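A.B. asks: Given the structure of chain A, go ahead and fit chain B onto it with the hints provided.
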Amino acid sequence: MNIVVCVKQVPDTATERKLRSDDKTLDRDAVDGVVNELDEYAVEEALRLKEAHGGEVTVLTMGPGKATETIRKALAMGADKAVHLSDDALHGSDALSTSYAMAQVLKKIGFDLVILGSESTDARTGVLAAMLAERLGTPQLTLANKVDVEGSSIAIQRITDYGFDKVEATLPAVVSVVEKINEPRYPSFKGIMAAKKKPVETLAIGDASIDAAQVGLAAAWSSVVDFAAAPPRVAGTIVKDEGDGGAKAADYLASKKFI
Amino acid sequence: MSEILVLVEQVEGEVKKVTLELLTLARSLGTPSAVWAGPGLTAEAKARLAEYGADKIYVAASSDIVDYVVAPKAELLAQLVAATSPAAVLVAATSEGKEVAGRLAVKTDSGVITDAVGLGEGFVADQSIFGGGINVQSKVSKGTPIVAVRPNSTAPEAAPAAGAEEEVSVTLSDAAKAARIVERVKQEKGARPELTEAAIVVSGGRGVGSADNFSIIEGLADSLGAAVGASRAATDAGWYPHQFQVGQTGKTVSPQLYIAAGISGAIQHRAGMQTAKTIVAINKDPEAPIFELADYGVVGDLHQVVPQLTEEINKRK
Chain A
273 MNIVVCVKQV
283 PDTATERKLR
293 SDDKTLDRDA
303 VDGVVNELDE
313 YAVEEALRLK
323 EAHGGEVTVL
333 TMGPGKATET
343 IRKALAMGAD
353 KAVHLSDDAL
363 HGSDALSTSY
373 AMAQVLKKIG
383 FDLVILGSES
393 TDARTGVLAA
403 MLAERLGTPQ
413 LTLANKVDVE
423 GSSIAIQRIT
433 DYGFDKVEAT
443 LPAVVSVVEK
453 INEPRYPSFK
463 GIMAAKKKPV
473 ETLAIGDASI
483 DAAQVGLAAA
493 WSSVVDFAAA
503 PPRVAGTIVK
513 DEGDGGAKAA
523 DYLASKKFI
Chain B
11 MSEILVLVEQ
21 VEGEVKKVTL
31 ELLTLARSLG
41 TPSAVWAGPG
51 LTAEAKARLA
61 EYGADKIYVA
71 ASSDIVDYVV
81 APKAELLAQL
91 VAATSPAAVL
101 VAATSEGKEV
111 AGRLAVKTDS
121 GVITDAVGLG
131 EGFVADQSIF
141 GGGINVQSKV
151 SKGTPIVAVR
161 PNSTAPEAAP
171 AAGAEEEVSV
181 TLSDAAKAAR
191 IVERVKQEKG
201 ARPELTEAAI
211 VVSGGRGVGS
221 ADNFSIIEGL
231 ADSLGAAVGA
241 SRAATDAGWY
251 PHQFQVGQTG
261 KTVSPQLYIA
271 AGISGAIQHR
281 AGMQTAKTIV
291 AINKDPEAPI
301 FELADYGVVG
311 DLHQVVPQLT
321 EEINKRK
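Chains as they are written, first to last, in the working numbering: chain A, 273 to 531; chain B, 11 to 327.
Read the hints as simulated data drawn from the structure, not as lab findings.
As the structure is a prediction and not an experimental result, all values here were calculated from the model.
The C-beta atom is built at its ideal place from N, Cα and C for all residues, glycine as well.
It is possible that some hints are incorrect.
[Said to hold, decoys possible] Among the chain A residues that face chain B by a calculated CB cut under 7 Å, a handful are: (1) Ala402; (2) Phe461; (3) Phe499.
[Stated by the list, open to error] Simulated restraints on C-beta separations: (4) Pro49/B / Ser460/A: 25 to 31 Å; (5) Asp222/B / Asp284/A: 32 to 38 Å; (6) Lys379/A / Arg194/B: 19 to 25 Å; (7) Val497/A / Ala169/B: 24 to 30 Å; (8) Ala247/B / Ala501/A: 32 to 38 Å.
This is chain A alone, in the form it adopts within the complex (with noise of 0.2 Å):
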C-alpha cells in the first residue's frame, strides 16, 4: 500500500506567534518549527498500516526550506522517503491554495491513502483534508480514531458530537486522523541516523504542474483585512478559600446573572 502522509511545520505553540505587518501572513522567522502534532498521529497510523499490510510511506509537506526539520522528523520515525514541495511562490497560499497544490503532487506521486491531522495548531481551519478529498475525487474519511484496511476496502471510525460514526469506503482515500487514535513513538537513535539517508526529492511548483496564478498571497481566495493583540484579560478578582469559596463563587455566578 502506497500511504502518502502530509506533515506540516507549525510555529511551536509553547512561543509567542505573531503575523507580519507586512503581508499580514504567519512570522515563520519568529519563532521555533515543530511538527503540526496531530500530523504525528498520521504519521504513526501510516507506520502502523504499513507494518500490518506492507508497503511504503512518503511523507509530502509543503512548506519553505526549514520544513525540512520536519520532513527529518517523520523520515526519523520510520517513513522511508519525503517529497518536499518549496516555492516562494507558494508564501502566503490560504487552505483552498494549499489544497489545491497538494493534490496536485499527490495526483503526480500517486497514493493509495492520504492521511493527515484533522487540523493544524496554527491556522486550525480544519478543511484541508476535505478539500484534498473533494479536489481528488476519493472518499473523505475524516476525524478518524481508528483505521482499518482490508486489501482495497477501507473503514474508519469518525467522531461525531454524539459518538462516533461507522464509515466505509474504497481504497484510494483521505484520512484525518485525530489525537485518541494512536501513541506516536519517539524516533530511535538508528531511526535518526537512518533518516539522513533517506531521499528526499524537493520539487518546485513547475515540477508538480501547479499554476502560479492559483497559488500564494496574491491568489488567495481570502484575506486578512486588519488584525491587532487581543487585549489582555483584565485580571479579575481571585480569592483564597476560607471555607466559603463556594459560596463566593455562587455569589459571583449570581452577579453576572448566570444563576
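C.D. replies: For chain B alone, kept in the frame of chain A given last:
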C-alpha cells in the same frame, strides 16, 4: 435584501441553537434562507426556523444526503448557490460544518473563513487566532463568501418571517457517495447540552484526581445546565472520554461562562477556551496560569469548593 443561505444543524429533527444564532446574524446582513439537508423536517422545526427569521426553507429530503460523509451537503449547497446566487453562505463552525464549508469553497471557487466570532458589513469576519492572542478581520475576495461561525457568537433573537418551504431535488454525484456511513453509534451523552454548543461549560483537569471524582464536575455542570469538558491531562489519564477534551488537540469552545476546576491552564488548554466570555477558575495552586485569564478565581481545593458551589447554586435556584 439579498439572500443568505444558512445550513441548518439539527439532531433528530430538533434545530440546534447555533442555527438560530446564524439566522439572527444573517438577518443583519440580508434575508436568510434556511437549508434543511436530509429527511425529518418536522412542523416544529419549520416553525422554529420561521420564528427566527428564515424567509425560505429549502428542503432536500433525500436520505442520501445524510448517508454519506459531508460531501452530499456540500453538493446540495453548491447546487443552491448556483440557483440562487446568494450574498453568502453561513454554516456552524463545528467539525462537520467546517468540512462542508471547505468542500463548498472548492466546488464554487469561493473563499472560505472558518471560526468567525463575528460578521459585519461586507461580510468582514472577526476571528480570534493563536489561542486568543490576536484578533483578526478577514474577508473573502473571490466568489461567494462562505463563513463558518462559532456557536455562541451571537445571541439568537426571534423575528418571525414567512418560512416558505421549497422542495429541492438533488442528484448526487458518485464522488459524493464515496464514504458511506454504515452505523451511527451514540455514546453516554445523557441530558447535558453538546459541548461546543453549550452556553456554559464546566471542565475538570488533573486536580480532579480520578475518574470517580468527575462526578463532582458533573454535579456542578448539572446545577447550571452546563456541558462537561476535560483537560488533556484528564482525558489522557482515562478519567473522562476523549470526545470531551477541550484544547488545542480537542474541541474549541466559546461559551458565555467557562468554569475550569483543577486545570492549570497550559497553552494546550487555553487554545480551546480562551474566547469564553466569562472565565471562573478553581485551583489550589495560586501560581496556576489559568488565574491570569480568570474573571473570578478561587484558590482552594476543588473537592471542597466545587461541591459547596453546587450546593449554593441548587439552593438559590
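A.B. asks: Now, for every hint given, state plainly whether the structure supports it.
C.D. replies: Here is how each hint holds up against the structure:
1. Below 7 Å, beta-carbon pairs count as interface contacts, and Ala402/A has one with chain B at about 4 Å; its hint therefore holds.
2. Taking 7 Å as the C-beta contact cut-off toward chain B, the hint placing Phe461/A at the interface is violated, the least distance being around 26 Å.
3. Residue-level restraint check for Phe499/A holds (minimum Cβ-Cβ distance to chain B is 4 Å; threshold 7 Å).
4. As the Cβ distance of Pro49/B to Ser460/A is approximately 53 Å, the hint placing it in 25 to 31 Å is violated.
5. Distance hint check: the CB atoms of Asp222/B and Asp284/A are about 36 Å apart, consistent with the given range 32 to 38 Å.
6. Checked against the given bound of 19 to 25 Å, the beta carbons of Lys379/A and Arg194/B, roughly 33 Å apart, lie outside it.
7. Between Val497/A and Ala169/B the beta carbons are some 29 Å apart, a value that agrees with the proposed interval 24 to 30 Å.
8. Under the hint 32 to 38 Å, the C-beta atoms of Ala247/B and Ala501/A, about 35 Å apart, fit the expected range.
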